[in-house]
Amino acid sequence: MAALLFLAQTLRIAIPYLFAAAGGVVSERAGLIGLTLEGYMLGGAFGAALGSYYGHSAWIGVLSGIGGGALLALVYGVSAIRFRADQVVIGIAINLLAIGLTRFFLRLAFGSSSNSPRVAGFGAEHAGTGVSALLSNPMIWLGVIAIPVIGWVLYRTPFGLRVRAVGEHPVAARSVGIPVPRVRYSAVILSGILAGLGGVYLVLDQHQFTDQMTAGRGFIALAATIFGRWDPLRVGLACLLFAAAETLQIQLQGAQLIPSQFVEMIPYVLTIVALAGVVGRAVPPAALGKVAE
Amino acid sequence: MALSKSRKLLVLLAVLVVVHVVFLFVRPTGASAARSPSDVNVGIVFDLGGRGDKSFNDGAYVGGTRAERELGARVRFIEPGDGSDRESGLRLLAAEGMDLVIGVGFIFTDDLTQLAKDYPRTNFAGIDFAVATDPAGNPIAPPPNVAALKFREEQGSFLVGALAALESKTKKLGFVGGMDSPLIVKFEAGYRAGVKEVCPQCTVLVGYAGVTPEAFRNPGKGKELALSQYGQGADIIYHASGSTGLGVFEAARQTGHLAIGVDADQYAEAPGHVLTSMVKGVDEAVFDVIKLVKEHRFRGGIYQLGLAEHGVGYVYDAQNRGLIPDSVRSRLEALRGEIVAGRIYVPSTR
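Chains as they are written, first to last, in the numbering used here: chain A, 1 to 293; chain B, 1 to 350.
Treat the hints loosely; a few may be bogus.
Partner residues aside, some chain A positions facing chain B, computed with beta carbon under 10 Å [what the hints assert, rightly or not]: (1) L5; (2) Q9; (3) I13; (4) P16; (5) L97; (6) R103; (7) R107; (8) S112; (9) S113; (10) S132; (11) A133; (12) R174; (13) S175; (14) G216; (15) Q251; (16) E264.
No lab work stands behind these hints: they were computed from the structure. Cβ atoms here follow ideal geometry from the backbone N, Cα and C, with glycine treated the same way.
Kindly produce the complete structure, drawing on both the sequences and the hints.
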């Protein structure tokens, strides 16, 4: 029973990571650094709150959340692909933009720059914490299949082949007639949609948007993308590992055996150890962060 | 023949400068040239979380608007973003010549201390101002123009802890804190002491959302912490975690358990699932300090607002009366009397 609860909690915590990391894989495999995942998540979260509130339906929230993530991804894509801006700089700017924009429109729509009113979401009252409550949430299902679907797209479809090609060697890709900018735009917008869904999950689970509620989850997803060496299966496992560490941290805190500050460090220490030690040399896509010629 | 590029640029700059100077003389509508002498001008800068947090900041807002209504004060509210905006918000208000500048939240402590030196003629007040201590542990008084408004959160938390322990069927209680910091530890310590006072065999599960200020707005983490504690058998959870606590209420809804709100009456967050709320009289404190300034009786120093001063308390009204039996209520009132009389000492550290 306890093990089942542990697994259920791990899965719930992993869902936003899985969505965002799936987006991270697509973006980085196409050669665009995934620093912006955090911003996409926040945009998706806010879009979901707007859609769910005004549309009175969680599914409208899902759609508008997708729009929120895609919109920020488009801004990133235009800056990085069309105007060839430095991806790290523009990535940080997009994240700050997402914080400012959501706060601004939150104020405009709901008269507060910290919280939205209660919105429709998935999960009924008194649904409990068991496995059935978990399975009745469609966002959980979407999150679980996000990584396998991305794996299939990357390795089994012509589009996936093109994405990998433009991320490794854009010049060679263009010489065989692949429209490099178009493939990169598609990849970056797909990444915005996926990461946006991570934010959508958070909002529909909480029935509320809170300013900066993504709280760094996009960066953990980026770490998982690198930790998993840009391979969807390994990235998915990395997400689960980070989520399990967080679950462990939560459960250990309750027991109060170890000082909470120490327990708080677990996920971060794990990230450092994993990235520095276990992975060894992570070889990124060759054209990652480079300006397409 | 056409003007050269640099000439065009010069002309453009000249035009812009003229326009700029013209605008300097334009007074925005609503801004008055001179203040009438009876006015009290107050600036309030909100904490992280901002307006609409349904707790702390909203309390300050209520106090400010009441002062506008009843005292004729003119109050300006600033809702800052991250980090540096906070300091500049306070500085802006001080530079505008406000009579009183209030920073809502302990996070303003350093900024207020610095600004009070830069603007010695302006009065400042800090809600939850964290008074520094010297190496011997004695408090260092804030600058003479700063009023440190501190609440004895441990005393209010003691009462809701006792209430939770009296109501608990599983004899297990939960506590969810935001940022692991001395301020939040006060809530935890008082709560624990209250639980132990009426139920020595009860256990308290404790979880903190993090060690940075972001831990106050991570409802996803709050929900998981709460679900975990409910899963381990706790049936009532008290939170002191800002917006993170919204996740605690969501967990209470989902599992059908009870939660206890903080700072303001949070019953509306999850009707039927909020046993009570430990309320801080932020509105009263803000109103009172504005009143002191208006009556020219403002003094800097440390103000400790506890149960005796009605600075803290718990909600007992028509909404949650059904959840609290009369016998429990009278027991709590007896405890309150003991604390006010000094017969029970409530700890504020672990």
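Hints and how they fare:
1. L5: holds (5 Å)
2. Q9: holds (6 Å)
3. I13: This interface hint holds because 6 Å falls under the 10 Å limit.
4. P16: holds (7 Å)
5. L97: Violated. Min distance 12 Å.
6. R103: holds (7 Å)
7. R107: This interface hint holds because 8 Å falls under the 10 Å limit.
8. S112: Check passed: Cβ of S112(A) comes within 2 Å of chain B, closer than 10 Å.
9. S113: This interface hint holds because 5 Å falls under the 10 Å limit.
10. S132: Violated: closest Cβ of chain B sits about 12 Å from S132(A), beyond 10 Å.
11. A133: For A133(A), the interface hint holds, since the closest Cβ of chain B sits about 7 Å away, which is under 10 Å.
12. R174: Where the cut-off is 10 Å and the nearest Cβ of chain B is about 36 Å from R174(A), the hint is violated.
13. S175: violated (40 Å)
14. G216: The hint holds - G216(A) has a Cβ within 10 Å of chain B, the shortest such distance being about 7 Å.
15. Q251: Interface hint status for Q251(A): holds (6 Å vs cutoff 10 Å).
16. E264: Where the cut-off is 10 Å and the nearest Cβ of chain B is about 5 Å from E264(A), the hint holds.
Hint check: violations occur at hints 5, 10, 12, 13; the rest are consistent with the structure.
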